[in-house]
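The whole structure should be built from the sequences, with the hints applied where relevant.
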Amino acid sequence: MVRETRHLWVGNLPENIREERIRDHFKRYGRVQSVKLLGRSSGGGGGKEEEGAGACATVSFMDIKSAAKAHHSEQKLDERTLTTEYHEPAAIPCPGTLYSGSGPPNPQGASTGSRFSSHGGSEDLSG
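Just so you know, we're using UniProt numbering here: the sequence shown kicks off at 1 and counts up by one.
Please note that the accuracy of each hint is not assured.
[Unchecked claim] Pair by pair, the computed Cβ-Cβ distance ranges are:
#	residue 1	residue 2	range
1	E79	R3	13 to 23 Å
2	K65	N16	24 to 34 Å
3	E74	R21	11 to 21 Å
The hints are simulated quantities; they were obtained by calculation from the structure and are not laboratory data. Ideal Cβ positions, reconstructed from N, Cα and C, are used throughout, including at glycine.
So, in structure tokens, the structure goes:
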């Protein structure tokens with residue numbers, strides 16, 4: 001079970017739904033930060049969807065209270081009962097390589113390589 005967050009996964013949406021309509025539906029519970037339409041639902045919301053589950057999306061609120069109100073309320077849209085589950089968005093991966101251009105002058109006289117040595121070193125790609 002995912003802990004309570006300000007992000008909801010929403011399933012069983014009408015196939016032709018638009019993000020703006022989802023935002024309009026959920027704004028009654030609080031300020032919506034973002035909506036992302038994910039496409040056709042494939043059982044990712046905890047197995048509560050009906051056969052032919054329709055589209056799914058994620059809705060991120062500005063605060064947890066708003067998400068909780070939406071999650072604990074019955075959701076109906078176009079005569080469809082929507083499924084909501086708390087959702088933990090994936091972290092954005094950090095690249096393992098940092099490219100540095102010519103930076104500010106170094107008053108201590110240290111080379112760029114020595115400044116990055118504690119982070120795994122550096123490689124000169126200038127030539």
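Failing hints, ascending?
1
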